[in-house]
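So the protein sequences, as listed, match chains A and S. Mapping the first sequence onto the numbering used here, position 36 (from 1) lands on 36, and the numbers just tick up by one. Mapping the second sequence onto the numbering used here, position 74 (from 1) lands on 74, and the numbers just tick up by one.
Calculated directly from the structure, the hints in this document are not laboratory data. A hint or two may mislead.
Derived lysine to aspartate or glutamate pairs resembling EDC-like cross-links, with alpha carbons at most 20 Å apart [what the hints assert, rightly or not]:
1) Lys247(S) - Glu232(S)
2) Lys76(A) - Glu232(S)
3) Lys19(A) - Asp22(S)
Derived coverage of chain A by chain S (criterion: at least 3 residues anywhere in the stretch with Cβ under 8 Å from a Cβ of chain S; other residues may be distant) [what the hints assert, rightly or not]:
4) 27-34
5) 49-56
6) 72-86
Yeah, the Cβ is synthetic: ideal placement off N, Cα and C, and Gly gets one too.
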Amino acid sequence: MSADKSEVLQGTLDMMILKTLHALGPLHGFGIARRIEQVSQDVLKLNEGTVYTSLLRLQQQGWIESEWGTSENNRKARFYSITRRGRTQLAVETENWERISGVIGRVLRLEAEK
Amino acid sequence: MTTWIFRLVSRVRGLFGQKQADSEFDLETQMHLQLLTERFVQQGMNPKDAYSAARRQFGNTTLLRQRHRESRTLLFFPNLLLDLRYGLRMLWKSPAFTVIAALTLALGIGATSAVFSLIQGVLLTPPPYQKPQQLMLLQTVRTDGKKMDSPRGWAAQQWMEWNEKVGSFQGIAGYGWTFNFLIRNDGSQSMQGMEVSKDYFRLMGLKTALGHGFDDSDFGQGHVKSILLGYEFWQRAFGGDKEIIGKTVRISRWDSSPVVVGIMEPGVRFLPSPGAAKEPNYDVNATVDLWVPADPNPKYLKDPYWNVVGRLRDGVTPQRGLAELAAIIANEGRAEREFEGFSPQLEPLTDEMNRDGRRILLPLLGAAALVLMIACGNAAALLLVRGLQRQQEYAVRIAMGMGRIGLLRQVLTESLLLAIVGGTLGVGLAVFAVNLFKVIAQHAVPRLDGVTAGWPVLGWGLGLAVLAAFFAGAIPALRAFRLNPMEVLKDAGPKGTAGIGERRLLRGVAMLQTALTLALLVGAGLLIRTMVKIAEVPSGYNTSRILTMSVTDVQSQSSWAPFHRQALERVAALPGVQYAAFAWGVPLTGNNWPATLDIEGQPPAAKESDKIALPMRAVTPDYFKLMGMTLIDGREFRSTDDDKAPSIAIVNRAFTDRFFPNSNSVGRKVWFGGRDKPGIQIVGEIANGRTDDLTQEPSPEIYLPLWQAQAFSKHLVVRTTADPGTVVVAVERTLRSVDPTAAIENVKTLEQIRDDSLASRTFAMHLLTGFSVLGSVLTLVGIYSVISLSVASRRRELAIRSAVGAQQKDIRRLIFGEGFRLIAGGVLGGIVLAVVLSQVLRSFLFEVQPSDPATFIVVGSLFIGVGLLACWPPARRAGKVDPLEALRYE
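Chain A on its own, in the form it takes in the complex:
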C-alpha cells in the first residue's frame, strides 16, 4: 500500500459506482470509469476492466440494473442505473463509511498529538 497511487479496495469501488449512478443517473461503463477518474483526480489507480466486475456484482445483488441503448455518439452501449434497493444500500453504506472514517480519523489524530 505504500505505492504512490493507492489501489482501490473492492468494496470501495462498488460504493463509488453506486454513488456515481445515484448522482448522475444511467451511465455506461466507460462513462463511470471517466467519472471516477475525474473525481479521484488520479489519486486512485484502477484497471478499468475491474469496473465491469464490480458492475456484475452489483447487478447480481439487485442494487443496479442495466439495459442496452444508444450512446451520445450513436453507438450501441449498455446503460446501468441504480435501483430502489441500491439507493437504500447506498444510504446504509454511506452512513457506515462516515462513522468508520470518523473514528479512524480521530484515532490517527490522537496518535499524531502524542
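Guided by the hints, dock chain S onto chain A, whose structure is given.
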C-alpha cells in the same frame, strides 16, 4: 440475507445463456477500449500507441472475461467437466500408478465399509417397534446396591398396579420366555416363544402380517386356545403356507391343540428375559417363533417371574419415570414382605439390544478406520510424488494464467477420481467381506442374520471414497497451491526426485503410518495373547471327543423316565461310544437352573433379597466320569437315585470353600422352598471346573441326579472312542427308534461349544490380525517408497560421498540410519497411541493388561526388524551409486 438470495438466483440463471452473456460482455469491453483509444488519440497520441495504452489501462481482457464467467454462474460446472476429462486422461496415461493407488484405497475403503455395513445392520437399524426410543425395560436391582446372585423379575400384582398408577408411562406390559416343541412324527421341532400380556402388542406397536392378533377372549386361565406364529418360523416350518391360519397345531406339554390365529410381521426378536437366560435354547437375538397369550394367574400374583416393559409418554424423561416408579415400588415393599429389598432400574430397550454389538463392532470400526488412514497415507504419498513429477507442468499452467484455485481443484479432482475407482473396488471387497462375516461371525455378532450386503455398502463405500480423496489429496493439493512457478521453472531438476521439504513431509506420512500400524499390531497381539492364555486355563473337564445334542421327549410326563432310561441304555451300547449321559448344564452352553435355597449352617435370610441363589445342574450317573471331573469326597450318583429314593446332591469344591470353609460338605443338607420341607442330602464333592465361562473363576455349583430332577430340556452327552462325527447318525437313529417324535437338535461337539463361547474374542482377533497384516503391508510399501525416493533424490550427494572415499557399507549405513529413525519414531508414536487405544479392548482381554509390556516390546521390535528389511533394497541401490555420476552430472 435477501442479498444472498438475489445473488444465488442470478447465478443459477447465469447457468443458461452463457454464450449470449459472453458476446455481450465482449461487445462492452470492445466499446470501452475503442472509446479509451479515441480519447488518447484526442490527447495527442498516435493511434497505435493509444490502443496499447488503452489496453494497459483496461487490464487483462481474457482474465477478466474468465472471472466474469466464473462469478456470473454457479462456481464451476463447465470447468468441472473439463477437469474430470483431464483427470481421467492423466490416470489412463499412467496405469501402474492408477492401479496401485486405487488398490491401496480399495483395501482401506473395503475394510471400513464392511464394518460400517455391520454397524448399519446391527446397531443402526431400529427394531420393528413404534418409536423404540420410548420403550424401557423395567429391570430389578437390589436396593442395598449389592449384586444379585441371579436375576429376578416382578410379580404380576406389582406391575398391574404400576400400569394403573404410574403417570409417566403410556402403558406397562409383562412378558416371559417360553420354550416348546411343535410335535411332528419325523422329529419334533423346537420353538422359542414369548408369553405376552394383553397390552403387549399395542404397547410395542406390533402388527400381524397375516390373520389377526389376540383378542381379549384369548386371555384367561386354563388351556391356551390361540397362538401367533413368528414370520420366520412360519416360513421355516410351514413353508409360508397361508392355509395354516385357523388350523390347530400339536404342541408338546400342552393338553389341547391351539389354533394359529395369525402370523406376526417379519423381523421381530425377543426382549430379554434374564431369568430364562440359562435355558438351553434361550437366544435373545433370535426371531420369535411363537406368541402365547398370558394372563396373570390369580393364584401366583406374588411370584416374581414376569419381565416388564413400559412405554414412556411423549416428552417424559426416563429419570422422571424412574423416580415415580421407585416411589410406588418402595411402598409395595413396605406393604408386602416378599417385595422387599428390590428397586427398579430403567434400561432403554435399544441400549440393551445394542450392548453386545457395540462392544465388538465399535473397536473393529476403529481398527478399520486405522487401516483406511494408513491406505490414505500411501495414496497421499503416491499423489505427492506424482505431483513432484508434474511440478513443471503445474508451473507452466500457473504462468499461463491458471488460477491457484483452479489448480487446487484440478489436483483434488484427480484424487477424487482415484478414490472413486478405489471406492468401487472397495465396495466389491466389502460385499465379499460382509458375506464372509455372516458365515464366520454368527456367534460373535448379535443379529448378524439381519445384515445384508446391499445398498448401504455401496453408500458407505462411496462416502468413504470422498473422505479418502480429501485426506489423500489434501497435502498434494496444498503443495500445488503454494507452488512458486518462478522457482520451479528456474531449477529444472531431474524427474523423480524430491527436495528436502517434500522428503521430510513424506517421512512424516510414513512415520504416522507406522504409528497407526503399530497400534493395530498391538491390538492384535493383545488378543492373540488372550487366546493363548485362555487355551492354557485348566477348565477342569475334557473337551475332546465329546458329542452333545439337545434331546427332548415331547410326549407325556409319564413317558419321560422310560424314554430316557431306554435311550441312554441303547446309545451307551453303540459301538464307538465310551460313555453316554444326559445332562442339564453342559459346560459353556450357559445352561443351568438358578434356584434360591437354604443351606445347613447358614443363617436364614432376613429379606427376600438376601436369599442364597445358586446354579443347579442335573446329570445322570456317568456324567462326571465322561467329562473327566474327579470326585474328591463322598460318592457319585447311582442309577438307583431316582424319584423313589431320598433326594441327594453333589456339590463342587467352590461350594465347600464358600459355605464350609474349614469343614466338608458331604453329609450336609440343603433345602428348596424352606427348611420345613424334607431336605436334600449332599453325598459327594467334585473338583472345580470353569463351567460357565472359561474366563471366570469357578463358582459354587450343585448337581442333582437327573432321575430325580427330571429336566424337560437337556443334552445327551456322548464320549466317543474316535472322532465324534462318526457316531452322529447312529446316535440319532437309535434315539428315533425309541421314540420317532423325539426332538434332536443342536448337534455339536464340546469343542465347537467351546469355540462358540469364545466366538466374539476369536472374531475380534481374526479381524484385528487381518487388519494389522493389511496395515503392515501398506506401511512397509510406504517405507520402501519413501526411502527409495530419498535415495533417488540424493544420488548426486551419494556419488560425491563415494568419490571422496565413503565405502559401500558407510553409504548403506547412512540409508539404514534414515530408515531406522523413521521407523523408530513411528514405533514410539505408535506405542503411545496403542496405550490409549488398547483400552477399548479391555473387555475382550483375559489375564493380559491393555498395556502389556511384553506385547509392546515384541510387536515393536518385530516391526522395526521388518521395517528395516523394507529399507534393504534402496540401501543396496544406494551402495552401488557410481562415483563417476558425480562428475558426469552437469
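Tested hints:
1. Between Lys247(S) and Glu232(S), the direct Cα distance comes to roughly 18 Å. Compliance with the 20 Å bound is thereby established for this hinted pair.
2. Only pairs whose Cα atoms come within 20 Å are accepted, and Lys76(A) paired with Glu232(S) is rejected, the gap being roughly 79 Å.
3. Restraint check for Lys19(A) and Asp22(S): the C-alpha separation of about 27 Å exceeds 20 Å, so the hint is violated.
4. Counting residues of the region 27-34 of chain A whose CB lies closer than 8 Å to any CB of chain S gives 4, which reaches the minimum of 3, so the coverage claim holds.
5. With a cut-off of 8 Å between beta carbons, the region 49-56 of chain A has 5 residues touching chain S; three or more are needed, and the interface restraint holds.
6. With a cut-off of 8 Å between beta carbons, the region 72-86 of chain A has 4 residues touching chain S; three or more are needed, and the interface restraint holds.
In summary, the structure is inconsistent with hints 2, 3 from the numbered list given earlier, while agreeing with the others.
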